[in-house]
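Peer 1: Chain residues, written in single-letter form:
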Amino acid sequence: MRRVSFSSLQITLLKALIHISCLGTALWFYYQATLDNLGGDPVEEILHFTGISTLNMLLLSLAMSPLAKALRQAQFIRFRRLLGLYAFFFAVLHLGSYILFELQLEWSMLLSEIIERPYITVGFAAWLILLTMTLTSTQTIQRKMGKAWQKVHNGVYLTAALIGLHYMWSVKTLTAKPMLYLGLLMLALWLRRDKIRRWLF
Amino acid sequence: MLIKKSGRHDYKESQVTDEAIYRDRRRLLKQMGFIGAGALLMQSKASAINLFAEDDTQAFETRPLNYQNAVPDKQILTPENKVTSHNNFYEFGTDKSDPKDNAQAFKVDPWTLRIEGEVEAPLTLSFEDLFKLFPLEERIYRLRCVEAWSMVIPWIGFPLSALLEQAKPLSNAKYVAFETLYDPQQMPGQRNRFIGGGIDYPYEEGLRIDEAAHSLTLLSVGLYGKTLPPQNGAPIRLVVPWKYGFKSIKSIVRIRLQEKQPRTTWNRLAPQEYGFYANVNPMVDHPRWSQARERRIDKGGLFASNRIDTQLFNGYEEVAPLYKGMNLRHHY
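Line order of the protein sequences matches chains Z and Y.
So the first sequence is numbered by numbering that gives the first Met the number 0: it starts at 0 and just counts up by one.
So the second sequence is numbered by numbering that gives the first Met the number 0: it starts at 0 and just counts up by one.
Careful: at least some of the hints might be erroneous.
Listed below are the simulated EDC-like cross-link pairs for lysine to aspartate or glutamate, each with C-alpha atoms no more than 16 Å apart in a straight line [what the hints assert, rightly or not]:
(1) K298/Y x E43/Z
(2) K259/Y x E203/Y
(3) K225/Y x E117/Y
(4) K167/Y x E203/Y
(5) K150/Z x D193/Z
(6) K298/Y x E79/Y
(7) K259/Y x D100/Y
(8) K167/Y x D100/Y
(9) K81/Y x E43/Z
(10) K81/Y x D284/Y
(11) K259/Y x E136/Y
(12) K106/Y x E203/Y
(13) K106/Y x E60/Y
(14) K173/Y x E136/Y
(15) K171/Z x D100/Y
(16) K171/Z x D284/Y
(17) K225/Y x E60/Y
(18) K323/Y x D209/Y
(19) K298/Y x D193/Z
(20) K173/Y x E258/Y
(21) K81/Y x D108/Y
(22) K171/Z x E60/Y
(23) K81/Y x D35/Z
(24) K171/Z x E115/Y
FYI, nobody ran anything at the bench for these hints, they're computed from the structure.
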């Protein structure tokens, strides 16, 4: 098998594609939602779209290391941060839409829901880890933090598990889609089992 | 990565999509939702972003009904297109848009509705009987879903009590059990547990006889002036406006009066979350979410401010005497 290799132009183009597809779909959804074109309940559609997109981007970013290993091509790592940042981008939209459109700025309700509802607690915890990773995502900070950086960013595996739990817990019954995501998440974590073991113990 | 370019004339016979698969492409695409990222995975089927618009299925045909109009009140109705495109009817799929997408070919005529069990005069109603046996009237009711959203819907139907009177319940008829059609041929959710949400079909619901006989309890055969579309439970469904929506069972084929409390579908699936009574009650939360407030679905998109307090019995205080002395926290 010939080795996969991207030219720097191809890498730039692929990154542009990630930007365009993420920003494009987000813009499109919100635009349609404001026009009331998203079915019976645009709020539910938006929450579902941003939530699933967070999971998609997280899975994609988690796929980069195993892909690099499998295809013996380190270039895949260069997409990891961008994909991860877009996971947080959608997570911000998800939480923001929940506060703005579902709870409609009832802050006391937000607080009590985060405390009382396990699936919201779990989702919020995942959000905070993603936030921490985003804030420490620049190369300058990475250099400054040294070894601690890797420890913080291994939190991605915990986040993945928490987001999976948040999703399973939020649905009324387990249908094909949540099961599929559960499978993909377990696969992603299993592929990184050695690393997770080292991180935990 | 080796990429072989092939011209459009290179297709082999084996590559041509089988017609059955082509016809079934939407469901297949749904099942392989993982092929794309982002929005593609969303599989939202809102009309504006429907990438695989179904152009070859005909919409179910409803027809106008003769009925007595409701006295108009100040409530703002949920627009008809939202009432008929945002549905929980797991027999046709678990996404809110699935029932509309998957139920248009549903056959409602002929239909048989049996009233049986502890009654003096068991009845069998045909499709035509549903619309002829009792005078039809319009009722504008709030529908509160257990998922904390609500609608205001102009139903057309007749009181369940009228039907019960004809069947003449015996003195040991303490409960009324309802059953939805079981037809896996027509209902994909009954064929495949992943489409149907893992529910053990047929869907079953039940009421205490005094709840069933209450004047608010309606058997609906239409909405917005016309017969029901399949996604809303054609040809006949129950509407119990003071209870969470899942009690209002759709596409009913059997009404059975009995002495024992009937088993009910959601209660069997998750007894700690869904009780037999399922009365709308802002003081008793669902274990996973609050029931104190609700989002009223009316016109307007994302920015329509529509969050309101949920009321005990969904605001239908006249049913309170039915539950006198009962601990509603225990009997949720």
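Peer 1: Taken at face value, is the distance from the CA of E203/Y to the CA of K106/Y at most 16 Å?
Peer 2: violated, 20 Å
Peer 1: Under the criterion that the straight-line Cα-Cα distance not exceed 16 Å, is the pair K171/Z, D284/Y satisfied?
Peer 2: Distance ~15 Å between K171/Z and D284/Y Cα, so the pair holds.
Peer 1: Tell me if the straight-line CA distance from K298/Y to E43/Z falls inside 16 Å.
Peer 2: holds, 15 Å
Peer 1: Between K259/Y and D100/Y, does the CA-CA distance stay at or below 16 Å?
Peer 2: violated, 37 Å
Peer 1: Below or equal to 16 Å on CA atoms is what counts here, so check K81/Y against D108/Y.
Peer 2: Not satisfied, since the Cα-Cα distance of roughly 25 Å exceeds 16 Å.
Peer 1: CA of K167/Y to CA of E203/Y, is that 16 Å or under?
Peer 2: violated, 22 Å
Peer 1: Would the pair K171/Z and E115/Y pass a check requiring their Cα atoms to be no farther apart than 16 Å?
Peer 2: violated, 32 Å
Peer 1: Hinted pair, alpha-carbon criterion (16 Å max): K167/Y, D100/Y. Please report holds or violated.
Peer 2: With Cα atoms ~40 Å apart, K167/Y and D100/Y exceed 16 Å; violated.
Peer 1: Is K298/Y within 16 Å of D193/Z, Cα to Cα?
Peer 2: Distance ~53 Å between K298/Y and D193/Z Cα, so the pair is violated.
Peer 1: Verify the proposed pairing of K225/Y with E117/Y, using a straight-line Cα cut of 16 Å.
Peer 2: violated, 33 Å
Peer 1: Need the status of pair K150/Z, D193/Z: alpha-carbon distance at most 16 Å?
Peer 2: holds, 14 Å
Peer 1: Taking only the CA atoms, is the gap from K81/Y to E43/Z under or equal to 16 Å?
Peer 2: holds, 13 Å
Violation of the numbered hints given earlier is confined to hints 3, 4, 7, 8, 10, 11, 12, 14, 15, 19, 21, 22 and 24; the remaining hints are satisfied by the structure.
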